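Fit chain B to the known structure of chain A by using the hints.
Number of protein chains: 2
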Amino acid sequence: MADQKATNVTWHDHQVTKEQRQKLNGHKGAVLWFTGLSGCGKSTIANAVDTMLHGRGIHTFVLDGDNIRMGLNKNLGFSPEDRTENIRRIGEVSKLFCDGATIVSTAFISPYKADRDIVRALMPKGEFIEIYVNASLETCEARDPKGLYKKARAGQIKGFTGIDAPYEAPEAPELVLDSDKFGVEDLAKQVIAYLEKSGFLSA
Amino acid sequence: MADQKATNVTWHDHQVTKEQRQKLNGHKGAVLWFTGLSGCGKSTIANAVDTMLHGRGIHTFVLDGDNIRMGLNKNLGFSPEDRTENIRRIGEVSKLFCDGATIVSTAFISPYKADRDIVRALMPKGEFIEIYVNASLETCEARDPKGLYKKARAGQIKGFTGIDAPYEAPEAPELVLDSDKFGVEDLAKQVIAYLEKSGFLSA
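For the protein sequence lines, the chains are A and B, in the order given.
If you count the first sequence from 1, position 54 lands on 54 in the numbering used here, and the numbers rise without skipping.
If you count the second sequence from 1, position 81 lands on 81 in the numbering used here, and the numbers rise without skipping.
Among these hints, one or two may not hold up.
[Said to hold, decoys possible] Here are some, though not all, of the chain B residues that point toward chain A, as calculated from beta-carbon distances under 8 Å:
1) Q15
2) L72
3) E92
Hints were generated in silico from the structure; no laboratory data involved.
On a predicted model such as this, the values are computed, not experimentally measured, just so you know.
The beta carbon of each residue, even a glycine, is placed where N, CA and C say it ideally should be.
Chain A on its own, in the form it takes in the complex (with noise of 0.2 Å):
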């Protein structure tokens, strides 16, 4: 047993490093957390940026309702307790995915500061970019993609955000898109800015 006990340490010692994964990308991991209201353009605006992401063979990931309500958090309800597990389950993946060497992009309505907060101190400063996706309650309204506005108002729906239950706007996140006033194209183009600026399309 003594030689196969000395190749487990050896092994043991040559984990792969995060670093190295980032090396292997060409670029460093990051957590782009969109959050606004419903409507506001956070699933379209983090998918345009995964494709423009992609399409310079940047390693990604998106993080949305269609792969984790279904899924990971499929045993979650919206309860204020609920809520808060979504959030921090979904956190704890985004680390994971950073920890790989991949740019993942979330999109989830997350309304209370606090459950952000949580996600953000899970991070390595830095690697967490809150994006606010700010949009007036009247544009999400008027957009109503999924119709929920219209059956929130009509109460078939409770504890809808915005409407009976609050959405607690970011005091200090990274970036703020506004969603009033620009395209998706637009506002993809500002995120992807930001992360060449500060430095994570490199390795």
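Here is chain B on its own, set in the frame of chain A:
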């Protein structure tokens, strides 16, 4: 608003697909699910495979106790329900990494067949690769790298797999690694050979 809405639609049509991520990485994603008794060598072999693949330019990640039990699953204990939820969440996260064209290795005892089968069912056929790291209880207990068997025998740990909790060996795993007979490097090479043969290492 009409212009912007049109832009939204365009972008939604251009989400990055799994196939595009595979093309960028130059290989497919897969889940290498290492299962076996405590001390059988799961984590050591998983890290050896990860290091070998990384050295060949393959995009990889390891999920293990260090980054899961302290993070995503820190609110879970060791009751049967919590063990099941532990494995379910790890399965869902593995699937996300796999969708991102990463070869992810997981190193958890995962003693229950039903739990492993739930994870298998999450993935498209072929992407879940169950790897039974087979070492006799005698070997594992002699290694006892964390001194856990000693504590379990002394009754200081309850519900310890192999001592007073069952380990259900896989009935039809994709790979069986004989950890009593072979060293870490040999076993890791057997995993790489499986991935090559099965076409995972090209896009």
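Exercise for review: Just pull the numbers of the violated hints for me, sorted ascending.
Suggested key: As far as the earlier hints go, not one is violated by this structure.
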